[in-house]
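*Asks:* Both chains come to you apart, so use the hints to assemble them.
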Amino acid sequence: MLKDSELRNTDCIAEFERVTKSYGDIRALNNITFSVRQGEIFGYIGPNGAGKTTTIKILVGLIKNFGGLARVASGDSGAHSDRALGYLPQHAAFQEWRTVDHSLTTLGRLSGMSAQEVRKRIPEVLDLLGIADIRNRKIVHLSGGTIQKVGMAQAILHGPDFLVLDEPMAGLDPASRYQFKKVFRQLSKDGTTILFSSHILSDVQDVANRIGIVSHGTLIHEGTLEELRHRLVVPKDIDVMLSRDSGRWKELESVPGVASVELIEKGRMTVHLTQDADIDASIDGLVRELLDGGSKIRSIYPVNPNLEQLYVQFVTGGASA
Amino acid sequence: MSLAILFKDELNGFYRSKVMLFLWVGLPALAIILYIATSGVDQEGIPFSSFTALLVSVIGGVISAAMLTVGIINEREKHVYDLFLIRPVKRHSIVLSKFLAVYLCVVVAAVAAIMLGVAVDHFRSDLSSATLFSNILPAIIIAASMIAISCSAGILIGMSSPSVLVGVILVIYGANQLSTVAVLPVLTASSDEYFPLIPGLAITVVLLLMAIWVFNRKQL
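Residue numbers (the numbering used here), protein chains in the order written: chain A, 1 to 321; chain B, 1 to 220.
Note that these hints are calculated values from the structure, not bench results. Because the structure is a prediction, the values reported are computed rather than measured. Nothing false has been slipped in among the hints.
Partial chain A-side listing against chain B, Cβ under 7 Å, derived:
(1) Pro89
(2) Ala93
(3) Trp97
(4) Thr106
(5) Leu110
(6) Ser111
The calculated lysine to any residue pairs, modelled on SDA-like cross-linking and capped at a C-alpha distance of 20 Å, are:
(7) A:Lys189 / A:Gln38
(8) B:Lys218 / A:Asp25
(9) B:Lys218 / A:Asn65
(10) A:Lys181 / A:Thr224
(11) B:Lys78 / A:Arg98
(12) B:Lys90 / A:Ala93
(13) B:Lys18 / A:Trp97
(14) B:Lys8 / A:Gly112
(15) A:Lys64 / B:His92
(16) B:Lys18 / A:His141
(17) A:Lys236 / A:Glu262
(18) B:Lys78 / A:Leu172
(19) B:Lys18 / A:Thr99
(20) A:Lys138 / B:His79
(21) A:Lys64 / A:Gln90
(22) B:Lys78 / A:Ile63
(23) A:Lys120 / B:Ile5
(24) A:Lys250 / A:Thr270
(25) A:Lys138 / B:Lys78
(26) B:Lys78 / A:Val140
(27) A:Lys138 / B:Val19
(28) A:Lys138 / B:Leu11
(29) B:Lys78 / A:Glu96
(30) B:Lys8 / A:His102
(31) A:Lys64 / B:Arg217
(32) B:Lys218 / B:Arg76
(33) B:Lys218 / A:Ala93
(34) B:Lys8 / B:Tyr103
(35) B:Lys78 / A:Gln90
(36) A:Lys189 / A:Val207
(37) B:Lys78 / A:Ser143
(38) A:Lys120 / A:Asp101
(39) A:Lys64 / B:Lys90
(40) B:Lys218 / A:Ile26
Each residue gets a CB set at the ideal place from its N, CA and C atoms; glycine is no exception.
Isolated chain B (complex conformation) (with noise of 0.2 Å):
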């Protein structure tokens, strides 16, 4: 019940925030403009649509990482938890309430990225729409599953770090690196698309039991 009005709430609060506006407009208007500039270069035969996936995976995990990290360091430092911690709330809902609702949005917001770079392919290249529409599910997969262990080391670096300067530094250098993992099944040419959701989903909730047992450990 508490972890239902929880992420409804943080829902409600991150979809219509400034950073979630740059998420939704930014990023795909991101993509066409470094698409644009990088049009004499050689891309390999890139599509447009998995070039959109894996700069949305990169730049939405950051971002949303880092939010979710200072975010939860601010609350911390406040005092904010108190407030729910003294009603019927187990800690674990507050951890995940709030990995579900940036996640959420962010892969929506990924998703819709990725579809915009489908139909400028359609309507740009060479390829067939069979081999279009074939991108768009290991684009996704990998987007997610990058998105997932961005999300949940920021929600274990805001959990643990000290600081906000510490955290953000964590989130550069650690929660962008760690979400990398999930691209490396397509480096070694693993042909199962589903294949990155593995290590995605093995290292998410590595990190949300990490978060959680964190979390409890700071009840005094």
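Looking at chain A on its own, in the form it has when it is part of the complex (with noise of 0.2 Å):
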């Protein structure tokens, strides 16, 4: 890990340039190079095995035996910062003969914080989480979702500038997801820098400004979910609702534009376009073909791949770029 000064861009807090790790024969990352801008939530994607925790140990300082550089702003590694680095792992463990209270004090005077500091912050961050009545319980005594929740809050205890979770999400119900998601936009609305890796696409979706796939230790996107939809051959489909089927519908593979139609259940059809095809004036011409054949129409409208699609077209091969 190189000091904050040696960034080569300074509106980035953590940048890996060819970044290299092996266990033994197995080679976990290769050639990784990305960068995290200062504000930014950036979500890092991949399969099990793809090397996301391997990446996030190097960053936060865990891992020191790699090739290539890895420099983050708040210091020579996670291991000497003071203040300016969060991380959650991907299984939150504590002592468990601990209370919430205690490990949550522990952990935040270890990170340079007062007593006094500490005890005035516990009892936000629990409440920002919703697990203030936990306080006094032991961590023996909590379930596998509210220890996920206790190192979240030992995370953001000493409010860092950048935070690095680990598969945050993962084990959580969809209330809890909701939450966590919530408090990713209140902190980067603070300016905190969020990097976190997750399997569960959605979750990415829904928060990161950017994002990075990677895939068998190699980063095959990194930028916004936007110029990852312009990098692919996206599918151009249309999705039609009747509210009356006359039954024609085969006859809209007459339409130009279309290449096929597949009928989903009566009344429900996604009709695929050509890759060259215009989409408005492929949907005039189905609109026209549909009342001209006496069907009513309820909706009609070009569907977009989600993260999902498109992640799944990149993991697979499927990228044109």
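*Replies:* Set out below in structure tokens:
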């Protein structure tokens, strides 16, 4: 790790340059290069075993033996930074004999907070995460999801500039996931830079400003979701719902730009367009054809592929770029 | 700074633990029971205080070593230390805080048990007060030395052992045997009552340095 003065781009809080890491014969990371900009929420996505946790452990300074350069604005590495870095591991673990309050007090003090600051801050973060009532409970008596929330509490307790979260929402119920995302947005609004990994793609799609996709130890995309969509051969589909189905849907294939029509159920179909088709012109043609054929249209709209579809395309080699 | 915080924390957790409750109350009680049970046997004039010191050193040493080993292996496997290590905490602070906290608690329990033994001897034996009090310091030195070796061995085994089972076996057959090295100077009839401190201290320092080295090596 290098110091912040050596960051190439001062807008960035962290930079990876040709980072490689091997475990014996297995190459976990292969020339990974990306940067995290100040104030953004960076979603780091990849399938299991892709190298997400290894990347994050290098970033926070838990892995020091690697090739390439990793620079973090907070200092030499996570181990030597003071209040700048917050980290939530994939499975947050605490000494089980401690209470939540005791764990947070110790970790806050170790982050350089005064005893008074810690006492003031603990109820604030527990309240933010909706777990104020477990402050005096022992860790051993908490559920996995609640321990994850306590893990989040320790990560944000000292008000870090850069928050690194490894699968923070894994194992959380939908309400807790929603709450975490709300907290991410709030922290980002307050100026905290966040990098979080996930394979729950909808979570990344909901909160991340930019994303990085890693597969087999290689970063295959870095950019916004829009940039990702533009890089891909995105299927052009139109979803059609009819309130009265005349059954003449096969005739839609004669409309210019239509490649095929897939009947989902009675009164609902997906129209696949050719890659060079003009979507607006095709929709006009479809509407005319359907009305002329005696059908009544409830809705008709182009289908935008979500991150999940794009991601699957990417990791299975369906990318155009 | 981090060593002080961690030491205070470990101490806070350990002195109230069930293991420590056994050491505080169970060990002196066990010593009394064993002494009474063997009252008909020729004890070659061994005072109860010496008997207690030996018992506390051996059993207390093994229990604390096993507890340290199991605790460290569990915490290592669950990556508990990651949350410390991303903060400005040195690895040796974690090792030393655990050793110091457990060692202090067990030595205090041992001294309490030895003092109980002295009190019993005072009321039950023909030994003079001067003789009784002259036995206290050597007994404490032997106990402190043996417990130091056991605790440091427990930490080294905890840091290097691949599983809890292997760790406990190593504690029983390794740490326990190693701690008896502290008694060797007494058996060789050394006249210096402080002499057990030398092997005790030397072995403890070596074992702790090895534990720190192993912990640092685990940094991938």
